[in-house]
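Q: Residue numbers (the numbering used here), protein chains in the order written: chain H, 1 to 295; chain B, 1 to 458; chain D, 1 to 280.
Please note that the accuracy of each hint is not assured.
Stated by the list, open to error - Straight line, CA to CA, 30 Å or less: simulated DSSO-like cross-link-like pairs of lysine-lysine: (1) B:Lys272 - H:Lys154; (2) D:Lys16 - B:Lys55; (3) H:Lys236 - B:Lys88; (4) B:Lys55 - B:Lys88; (5) B:Lys408 - B:Lys366; (6) B:Lys372 - B:Lys88; (7) H:Lys95 - D:Lys135; (8) H:Lys210 - D:Lys135; (9) D:Lys267 - H:Lys6; (10) H:Lys100 - D:Lys105; (11) H:Lys68 - B:Lys454; (12) B:Lys372 - B:Lys408; (13) D:Lys135 - B:Lys55; (14) B:Lys133 - D:Lys105; (15) H:Lys97 - D:Lys16; (16) H:Lys210 - D:Lys105; (17) D:Lys279 - H:Lys6; (18) H:Lys138 - B:Lys408; (19) D:Lys13 - H:Lys4; (20) D:Lys16 - H:Lys100; (21) H:Lys97 - D:Lys107; (22) H:Lys154 - B:Lys88; (23) D:Lys16 - H:Lys196; (24) D:Lys142 - H:Lys97; (25) H:Lys210 - D:Lys13; (26) D:Lys142 - H:Lys6; (27) B:Lys133 - B:Lys184.
Since the hints were derived computationally from the structure, they do not count as laboratory data.
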Amino acid sequence: MRIKNKGLWITLFTAPCMLLFALVYAAPIVTVLYTSLCNYTTFSPPEFAGLKNFVTIFGDEGFRVSIKNTLLWVVLQSTFHVTLGLAMALVLRRKPKGWKVVRTAYMIPNIVPTAATGVMFTLLLNPSFGVVKPLWEKLGFDMGQVPNLFGNSKYAFWTVTFTWILYSGFNTIIFLAEMGAVDQEIYEAARVDGAKPWQVDRYITLPLMKNIFGTCVTLASVAMVSQFDIIYMTTKGGPGSSTLNLPIYLYKAATLENNYGKANAVGVVQIVIGISLVLLIQRLFMTKAGEEDER
Amino acid sequence: MKKKTGNRMLGLAMSGLMALGLTACGNTGGGESAAADQTKPEETAQSTEASSDEKIVLDVINYHVGTDYAAEYYSYLFEAFQQTEEGKNVEFHFEEIPTTDAFNQKIKLLISSGDLPDIVFNGGNNITELAAKSGKVADLTPYFDADPEWEALFDETSLEFNMVDGKIYGVPVSKEISYIYYNKDLFAQAGIEAPEVAYADWNAFFEACDKLKVAGITPVGMDTADSGWLTNLWMSALIGTNGDAGNQWMNSMYPTDFNTPEVVAAAETVQKMFQEYTTADAVGGKYDPMATHFFNGEVAMFPNGPWMIPDFSETEKAPEGFYDKVGIMLMPGNGMEMVPTPGDMVGASEEEKIKAAVDFLKFETKPENQIKALEMTGLQPVSNGLEIPATLIESDPLMAQVLEIQDKAEVTYGQNQAYWYQNTIDTFSTELPELAYGNITPEEFCEKLSESAKKNQE
Amino acid sequence: MKKTPQGVIYAAKTVKYLFLIFFTLIAVGPILWAGISSFKTYAEINSSALSWPSSFNLDNYRAAFQFAPIARYFLNSVIIVGISVLVTVILVAMCAYIISRFRFKLKTLIVLLISASLMLPAQAISQPLFAIFQKLHIFDTKAGLIIVYSAMGIPMSFFVMVSYYKTISTALEESAYIDGASFLQTFLCIILPLAKPGLVTIALLQFINTWNEFYFALMLTSGDSARTVPIALNYYMGTFANNYSALFAAVVMTVLPTILLFIILQKQVVESLTAGAVKG
Numbered sequence: 001m002r003i004k005n006k007g008l009w010i011t012l013f014t015a016p017c018m019l020l021f022a023l024v025y026a027a028p029i030v031t032v033l034y035t036s037l038c039n040y041t042t043f044s045p046p047e048f049a050g051l052k053n054f055v056t057i058f059g060d061e062g063f064r065v066s067i068k069n070t071l072l073w074v075v076l077q078s079t080f081h082v083t084l085g086l087a088m089a090l091v092l093r094r095k096p097k098g099w100k101v102v103r104t105a106y107m108i109p110n111i112v113p114t115a116a117t118g119v120m121f122t123l124l125l126n127p128s129f130g131v132v133k134p135l136w137e138k139l140g141f142d143m144g145q146v147p148n149l150f151g152n153s154k155y156a157f158w159t160v161t162f163t164w165i166l167y168s169g170f171n172t173i174i175f176l177a178e179m180g181a182v183d184q185e186i187y188e189a190a191r192v193d194g195a196k197p198w199q200v201d202r203y204i205t206l207p208l209m210k211n212i213f214g215t216c217v218t219l220a221s222v223a224m225v226s227q228f229d230i231i232y233m234t235t236k237g238g239p240g241s242s243t244l245n246l247p248i249y250l251y252k253a254a255t256l257e258n259n260y261g262k263a264n265a266v267g268v269v270q271i272v273i274g275i276s277l278v279l280l281i282q283r284l285f286m287t288k289a290g291e292e293d294e295r
Numbered sequence: 001m002k003k004k005t006g007n008r009m010l011g012l013a014m015s016g017l018m019a020l021g022l023t024a025c026g027n028t029g030g031g032e033s034a035a036a037d038q039t040k041p042e043e044t045a046q047s048t049e050a051s052s053d054e055k056i057v058l059d060v061i062n063y064h065v066g067t068d069y070a071a072e073y074y075s076y077l078f079e080a081f082q083q084t085e086e087g088k089n090v091e092f093h094f095e096e097i098p099t100t101d102a103f104n105q106k107i108k109l110l111i112s113s114g115d116l117p118d119i120v121f122n123g124g125n126n127i128t129e130l131a132a133k134s135g136k137v138a139d140l141t142p143y144f145d146a147d148p149e150w151e152a153l154f155d156e157t158s159l160e161f162n163m164v165d166g167k168i169y170g171v172p173v174s175k176e177i178s179y180i181y182y183n184k185d186l187f188a189q190a191g192i193e194a195p196e197v198a199y200a201d202w203n204a205f206f207e208a209c210d211k212l213k214v215a216g217i218t219p220v221g222m223d224t225a226d227s228g229w230l231t232n233l234w235m236s237a238l239i240g241t242n243g244d245a246g247n248q249w250m251n252s253m254y255p256t257d258f259n260t261p262e263v264v265a266a267a268e269t270v271q272k273m274f275q276e277y278t279t280a281d282a283v284g285g286k287y288d289p290m291a292t293h294f295f296n297g298e299v300a301m302f303p304n305g306p307w308m309i310p311d312f313s314e315t316e317k318a319p320e321g322f323y324d325k326v327g328i329m330l331m332p333g334n335g336m337e338m339v340p341t342p343g344d345m346v347g348a349s350e351e352e353k354i355k356a357a358v359d360f361l362k363f364e365t366k367p368e369n370q371i372k373a374l375e376m377t378g379l380q381p382v383s384n385g386l387e388i389p390a391t392l393i394e395s396d397p398l399m400a401q402v403l404e405i406q407d408k409a410e411v412t413y414g415q416n417q418a419y420w421y422q423n424t425i426d427t428f429s430t431e432l433p434e435l436a437y438g439n440i441t442p443e444e445f446c447e448k449l450s451e452s453a454k455k456n457q458e
Numbered sequence: 001m002k003k004t005p006q007g008v009i010y011a012a013k014t015v016k017y018l019f020l021i022f023f024t025l026i027a028v029g030p031i032l033w034a035g036i037s038s039f040k041t042y043a044e045i046n047s048s049a050l051s052w053p054s055s056f057n058l059d060n061y062r063a064a065f066q067f068a069p070i071a072r073y074f075l076n077s078v079i080i081v082g083i084s085v086l087v088t089v090i091l092v093a094m095c096a097y098i099i100s101r102f103r104f105k106l107k108t109l110i111v112l113l114i115s116a117s118l119m120l121p122a123q124a125i126s127q128p129l130f131a132i133f134q135k136l137h138i139f140d141t142k143a144g145l146i147i148v149y150s151a152m153g154i155p156m157s158f159f160v161m162v163s164y165y166k167t168i169s170t171a172l173e174e175s176a177y178i179d180g181a182s183f184l185q186t187f188l189c190i191i192l193p194l195a196k197p198g199l200v201t202i203a204l205l206q207f208i209n210t211w212n213e214f215y216f217a218l219m220l221t222s223g224d225s226a227r228t229v230p231i232a233l234n235y236y237m238g239t240f241a242n243n244y245s246a247l248f249a250a251v252v253m254t255v256l257p258t259i260l261l262f263i264i265l266q267k268q269v270v271e272s273l274t275a276g277a278v279k280g
């Protein structure tokens with residue numbers, strides 16, 4: 001296309017977006033990378049210190065636990081959680097009675113503020129007035145032993161996991177959309193050939209879901225690397241360090257220890273883990289990277 | 001950079017001193033300072049001009065809001081100040097941050113990279129030292145020097161507590177004490193009698209706990225969430241009443257070695273208390289639901305300070321007539337937690353704002369307002385020997401008893417919110433459940449606290 | 001071909017419906033429970049978690065309004081989210097158009113930068129942002145949050161819009177240019193109207209993400225002037241700690257707007273979220 005002042009328009013149209021982007025992303029990232037190598041606290045400006053912060057954090061048991069928990073959550077979320085979403089989509093795809101209601105209801109936990117989910121579960125599982133006590137009683141267990149689900153490190157990790165792992169409605173709608181895009185003739189042909197429903201799912205639908213499964217796994221992993229809201233609202237990383245993950249560790253380093261250098265070193269680790277995971281997952285799922293055609 | 005701000009602060013303090021020196025000589029009842037300003041137009045022309053024409057706006061971050069125990073008192077205080085001669089030209093610009101935790105967080109962030117509000121309330125957590133070292137709060141020593149009458153309201157310990165490198169940065173408005181409240185009915189139910197002042201030692205205390213338990217009554221209230229306030233009070237008492245070594249430890253600022261015999265022993269006792277003597281929801285629980293247990297007559301003993309007394313007669317919180325059921329005793333061995341409060345500071349940098357802020361702090365510490373605070377919130381007067389009105393003894397016998405029992409304390413000690421590093425308080429709160437469920441030993445618990453405290457010295 | 005026995009079919013059906021019912025209950029159960037509890041008195045909450053309230057009155061809601069400036073938080077949220085949606089949509093509409101249509105020197109760099117930021121964990125950059133905002137004096141202001149939220153929305157919206165623009169044929173633009181239309185005229189009068197569905201998609205996506213955002217609101221606000229609804233929950237936890245009935249009411253008021261929006265605009269919301277995930 002021949003356009004007058006093309007270069008000017010390109011600049012005018014991209015500059016505002018990129019400026020904002022630079023302010024909120026680029027400048028902080030550069031700062032994070034640099035100050036992670038500094039002695040830098042709430043009360044002292046950054047001063048170069050080499051790898052000291054990294055030595056400190058990797059020597060800290062709490063940090064190693066947070067890496068372990070973060071990765072464990074990534075694994076759980078990218079396997080069980082995403083698969084659950086897929087399973088739900090496979091069921092809903094055939095539009096059983098009430099499927100619309102289920103689809104809507106199942107989606108709701110994914111669109112309400114996560115902070116609210118955190119508060120709700122704190123209340124729901126409170127050992128003195130939550131639902132655990134009456135259920136415990138009905139099941140006939142010892143009333144003196146009502147489990148304190150968020151308060152005891154024996155249960156805390158799984159209780160926190162429970163607040164998000166079953167809520168895969170977001171993945172369900174993505175899978176449903178992808179399934180809707182599958183050519184109906186394939187299904188028709190399979191039906192004519194007498195394929196049973198599970199065979200259709202197993203041999204036709206599932207193989208077509210591979211790429212989108214990869215997308216869902218990527219999203220789930222990135223979400224877990226930065227999971228913060230619910231943990232903050234329920235356990236704040238405790239009891240002990242049973243629910244500590246990288247974001248909480250970072251938050252505490254910045255706000256409780258006032259150690260910005262350390263917090264930003266954690267940030268660097270978090271970024272590295274995030275990016276490595278994404279690259280790894282793309283390796284696994286995206287057989288051919290969709291090259292975009294340019295004009 | 002430090003030097004520069006230091007110089008600036010010095011300059012400000014000097015100019016503040018000059019302004020004060022001018023006004024203070026005519027300042028007898030507090031009402032004449034504005035008049036004094038006007039009689040010396042040539043020196044203070046600038047500030048007078050500003051104060052008579054336009055209002056001085058003071059930024060305040062207030063955490064005494066919502067359901068805070070002192071919310072009502074502070075809203076009274078701000079309004080009353082504006083009725084005074086010094087305060088009539090002052091306007092407050094409020095920002096509300098409920099809960100001391102959130103407030104401390106915010107102030108610390110502002111110390112690091114922002115402007116502090118003109119009046120900086122002090123929520124503890126060694127904010128005084130941080131603020132003073134940052135050079136963002138005014139040195140108030142000259143103001144005290146210029147007003148001996150004001151200075152005389154404070155005893156040495158209280159002022160020393162608010163000094164950094166020999167300069168006063170905070171104006172203490174109260175002192176903090178705590179002891180045990182007990183429910184007389186529940187004691188009677190268990191057939192035991194509460195001691196007049198305190199149990200002679202912890203053995204006697206736990207014997208009573210056992211008897212309460214036999215009668216089906218939960219003996220003590222404890223918590224772990226936020227900062228684990230109640231548990232902290234028990235643990236401080238256990239350490240602080242454990243001989244000279246323990247008492248000294250519990251009176252020292254920013255301890256980093258928690259693996260002393262006294263602290264470990266206290267942790268061990270706290271573990272036992274969690275397992276045998278408290279409610280099921282204590283672990284992971286916050287202060288308020290635990291207080292509700294006490295109000296509802298579900299636990300017999302509850303450690304806390306005088307600010308809880310107004311709650312006893314507030315029907316939204318406690319059942320009617322609860323006030324009369326409450327008794328007071330000191331911690332076993334006649335122990336009592338007592339810390340001078342970290343005082344409110346002045347973050348303003350313009351001379352006239354500093355002066356207005358100091359005027360407010362003077363107003364806040366006026367004897368009649370200290371009494372008012374005592375009546376409305378239970379905050380103990382920082383000044384000694386204030387005359388307690390007979391009406392208080394009549395209207396609030398518990399509060400009167402608090403004043404009386406204070407003198408019987410034989411050992412006093414601090415508590416963690418005032419004396420420990422902030423991240424260590426957090427570690428205390430997150431590791432308590434582990435201790436309570438026996439997932440870690442008392443020694444390991446203390447080790448974690450030591451580790452966390454040492455992080456501040458890296 | 002072997003026929004599946006009738007029993008197996010019934011069993012499979014039962015399992016299927018149990019599965020559906022279980023997950024529906026798990027999904028809405030906690031919210032319904034909070035909703036029911038929000039009508040209970042304090043004594044009722046304490047005595048049994050699974051009972052009905054004695055009466056459905058709005059006392060707890062009134063108490064919630066009394067203790068905290070909830071209306072104000074809603075207003076803050078509306079302003080912050082509203083403006084940031086607008087800013088993101090405008091900026092992305094422009095930038096993505098250029099990327100989808102032209103080749104130029106920095107194009108690859110721009111695409112690379114934006115796609116890299118897609119996988120950036122937000123907390124990692126929060127401390128520097130905090131410091132920068134302090135310096136610019138936009139810490140704890142609505143403007144500060146608007147800036148962060150607008151920028152946060154860029155990456156996902158950008159890719160959604162680029163791929164949307166690519167579905168629009170260039171024939172129209174070309175004939176417009178032949179007719180002597182300027183670049184701006186073409187963009188405003190021809191492209192934008194055609195791109196409307198794409199714009200609605202990114203607006204909704206941006207709305208949901210920012211309305212629920214918690215971390216930056218926690219780090220970058222401290223007072224009532226900029227506190228948004230999700231962060232207000234943190235405040236309620238402190239202030240309502242001894243008034244659980246009001247806390248329940250506050251939680252319900254927090255989750256209700258998004259739920260209602262979702263139910264009313266379900267189709268569009270689902271489309272937006274899908275587009276955001278697949279294209280972003």
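Q: Take the hints in turn and mark each one as holding or not.
A: Each hint, compared with the structure:
1. B:Lys272 - H:Lys154: holds, 19 Å
2. D:Lys16 - B:Lys55: violated, 71 Å
3. H:Lys236 - B:Lys88: Status violated; Cα separation ~45 Å.
4. B:Lys55 - B:Lys88: holds, 8 Å
5. B:Lys408 - B:Lys366: holds, 27 Å
6. B:Lys372 - B:Lys88: Holds, at roughly 21 Å.
7. H:Lys95 - D:Lys135: violated, 56 Å
8. H:Lys210 - D:Lys135: Violated: Lys210 (chain H) and Lys135 (chain D) sit about 47 Å apart, past 30 Å.
9. D:Lys267 - H:Lys6: violated, 38 Å
10. H:Lys100 - D:Lys105: Violated. Lys100 (chain H) to Lys105 (chain D) sits at ~48 Å, over the 30 Å cutoff.
11. H:Lys68 - B:Lys454: At roughly 24 Å apart (the allowed maximum being 30 Å), Lys454 (chain B) and Lys68 (chain H) satisfy the hint.
12. B:Lys372 - B:Lys408: holds, 24 Å
13. D:Lys135 - B:Lys55: Given that 30 Å is the threshold and the Cα spacing comes to 27 Å, the pair holds.
14. B:Lys133 - D:Lys105: Violated, at roughly 50 Å.
15. H:Lys97 - D:Lys16: Answer holds: Lys97 (chain H) to Lys16 (chain D) is near 11 Å, not above 30 Å.
16. H:Lys210 - D:Lys105: violated, 35 Å
17. D:Lys279 - H:Lys6: Given that 30 Å is the threshold and the Cα spacing comes to 27 Å, the pair holds.
18. H:Lys138 - B:Lys408: It is violated: about 51 Å lies between the C-alpha atoms, which goes past 30 Å.
19. D:Lys13 - H:Lys4: violated, 65 Å
20. D:Lys16 - H:Lys100: holds, 15 Å
21. H:Lys97 - D:Lys107: violated, 49 Å
22. H:Lys154 - B:Lys88: violated, 59 Å
23. D:Lys16 - H:Lys196: Distance of about 16 Å is within 30 Å: holds.
24. D:Lys142 - H:Lys97: Outside the cut-off at roughly 46 Å; violated.
25. H:Lys210 - D:Lys13: Roughly 27 Å between the alpha carbons, so the hint for Lys210 (chain H) and Lys13 (chain D) holds.
26. D:Lys142 - H:Lys6: Outside the cut-off at roughly 36 Å; violated.
27. B:Lys133 - B:Lys184: This hinted pair is violated, its Cα atoms lying about 48 Å apart.
In terms of the numbered hints stated before, the structure departs from hints 2, 3, 7, 8, 9, 10, 14, 16, 18, 19, 21, 22, 24, 26 and 27, listed from lowest to highest.
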